[in-house]
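If you're matching them up, the sequences are chains R and G in order. Following this note's numbering, the numbering of the first sequence begins with 1 at its first residue and continues without gaps. Following this note's numbering, the numbering of the second sequence begins with 1001 at its first residue and continues without gaps.
It should be emphasised that the hints constitute simulated quantities derived from the structure, not laboratory data. A hint or two may mislead.
As the list claims (entries may be wrong) - Heads up, incomplete: computed chain R residues facing chain G, CB under 10 Å, no partners named:
#: 1; residue: Gly2
#: 2; residue: Lys6
#: 3; residue: Arg46
#: 4; residue: Glu76
#: 5; residue: Gly80
#: 6; residue: Val82
#: 7; residue: Phe100
#: 8; residue: Gly101
#: 9; residue: Leu102
#: 10; residue: Val108
#: 11; residue: Ala153
#: 12; residue: Lys159
#: 13; residue: Thr280
Stated by the list, open to error - If you want the footprint, here are the derived chain G segments under chain R, 3+ residues with CB under 8 Å:
#: 14; stretch: 1132-1141
#: 15; stretch: 1191-1201
We treat Cβ as the ideally placed atom computed from N, Cα and C, and that holds for glycine.
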Amino acid sequence: MGIEVKNINKRFGKFTALDNISLKIPDGELVALLGPSGSGKTTLLRIIAGLEEFEAGYNSDILFKNQSVVGNRIAERRVGFVFQHYALFRHQTVFENIAFGLRVRRGVNRISRAEIKRRVDELIHLIQLDGMESRYPDQLSGGQRQRVALARALAIEPKFLLLDEPFGALDARVRQNLRRWLRRLHDEIKLTSVFVTHDQEEALELADRVIVMNAGHIEQEGTPVEVFHHPKSAFVMDFLGSVNLFHGRVVAGQIVFDQSTDVKQEKFFVRPHEIELVPTDPQNVGFPAKIRRIQLAGSIAKIELSDHSEKEIFVEMSHEKYLLHKFKVGDTVSVVPTNTVVFEEDYVI
Amino acid sequence: MKKHSVLPGFGLTLGVSVTYLSIVVLIPLALLVWSTMSLSFADFVKAVGSKQVIASYKLTFGAAFLAALVNAVFGFIAAWSLVRYRFFGRRVVDALIDMPFAMPTAVSGIALTALCASNGWVGSLAAKYGSKLVIFAEEHGLDFMNIPYLNRYDGLQLAYSQFGVFIALTFIGLPFVVRTLQPALEDLDREVEEAAESLGATKFQTFRRVILPSVFPSLMTGFTLAFARALGEYGSVVFISGNLPYETEITSLLIVAKLQQYDYAGATAISVVMLTASFALMFVINFTQYLARRRK
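Build the full structure now, drawing on both the sequences and the hints.
This is the structure:
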């Protein structure tokens, strides 16, 4: 096992940041810690790195390759940490930044100037910044700075790579490109990596495994496909993409959506792409709603509707399907969910 | 075509600034040079080159430089502890830093003299342990005879000595270093230190390679300000120095002395030398800083 975290607690005053967290990260995987702000994901990452203390409780431990690292400082843990805002040394060039971890070595670990140069040049090539080694961080774009931060972390040949919101400060396009680049890099060097993100798309696209966190505990962990298609809780379902909440009852094996918020109602969660809109509804399997807005720019058609109680409903469909029915704003159509999910616990979106 | 700035009043504010600067700084300086012109070159050299005056230059620049250096070190520590730690009475300490600014220099001079005289709190200790040190040194065959104001009978003499000048100049220079460093230290990114640590740097390496280079320009500015202030200091020094000719006379004192003897030309001549030397030093310091900044 690569990284193993056992029964970790952390409180800031009265606020519980981490509530008895345990998790395992297998060797060679790229794992996402996904959650909204305040869910404890960054705190957990910093505790794994050794930048933050945790509260020792019953049987709590952090293991790297089956060896406890509790009490070790970050340098002794040999993790590469990439900070959200890069944390580059502003008065040093790209080369100096990347060489830092090699230059500060002492005693028997010291390496020659030529060897440092060789390794740094190799890393500069890896992050595709050849010819920019004598630039200062101020002279680089956000994406380039993030790559330098990554190379600097890799220079110490870390056991693990930990990234705190690595793409958080970048604009959308750069983020997309850097994301794919990081995935390719990971496939190349196979270094066990954990990254923190609040962007579900990023987590699903990039990671081998996703750990969804909420309010200091782990809601679910699994492959992107598992967490997206089989969410264990309403929170996960909601967080991993937009979702509609319908009220209804099961009558004779069939769901009747009457959308009243009566006590005996059950809650059904439906993804926007798992809804059909039909002009007429002879079997009465759905419920009526009025089209409020149609958004056609993009790869899919997005339609917003509202039912009799002015509750908003979001529907996504292919352009072909949209053109088939020629919906217009103001039309009243029938909303027919094709797939519904029910959770036992109560959850308010 | 005239280019309009979004911000109004550029012409007006620039005009006011230049006029104000001229009235307050440039005209008096020009006058200084002008009145020196009444001296012949030989008289000028005599006025600024006498042994007494040269001894005062050495003391003034030497003590001011050392005081600024000491302030750079301890001012850094003070600024660091004020920025980094939250402790009881932090605001009081923060306010106390400004005391040398706020106090009339004569008051600080009298206070320091009372403290450092041979019967003062600090002065008596220096006398006692100074003489013990000399006796100890003599017993071990070490020769301390070359250090001025230190002997076996009087111990170390703080007031009325060159040490006194140094003490006064250190006192008045401290706020400059602390106040220029504080904002720079507050701007330091904690993540950068964590990054250095994660890369295997020790605390000292982090300080030496990451923190110090980032705040070095501010430290230099603080040092320069403290140095400049110390060069021109008069009020606090004249009480504690004792004003012994050739030994503890600072240049400002000589200027005042010449004025009191109605030797205006002589006084301005020395002033011009001080002015030129100070300007040259400031220029060198600022230019090195400019070079360092441009490198980035």
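Do the hints match the structure? See the list:
1. Gly2: Not OK, violated: R:Gly2 not within 10 Å of chain G, min 18 Å.
2. Lys6: Where the cut-off is 10 Å and the nearest Cβ of chain G is about 23 Å from R:Lys6, the hint is violated.
3. Arg46: 9 Å, holds
4. Glu76: 9 Å, holds
5. Gly80: 7 Å, holds
6. Val82: 9 Å, holds
7. Phe100: 5 Å, holds
8. Gly101: 4 Å, holds
9. Leu102: Holds, because the Cβ-Cβ distance from R:Leu102 to chain G comes to roughly 9 Å (cut-off 10 Å).
10. Val108: 14 Å, violated
11. Ala153: 7 Å, holds
12. Lys159: Violated, about 12 Å.
13. Thr280: 60 Å, violated
14. 1132-1141: It is violated: at least three residues are needed, and the stretch 1132-1141 of chain G offers just 0 whose Cβ sits closer than 8 Å to chain R.
15. 1191-1201: This one holds; 10 residues, not fewer than the three required, reach chain R with a Cβ under 8 Å.
When each numbered hint is compared with the structure, violations occur for hints 1, 2, 10, 12, 13 and 14.
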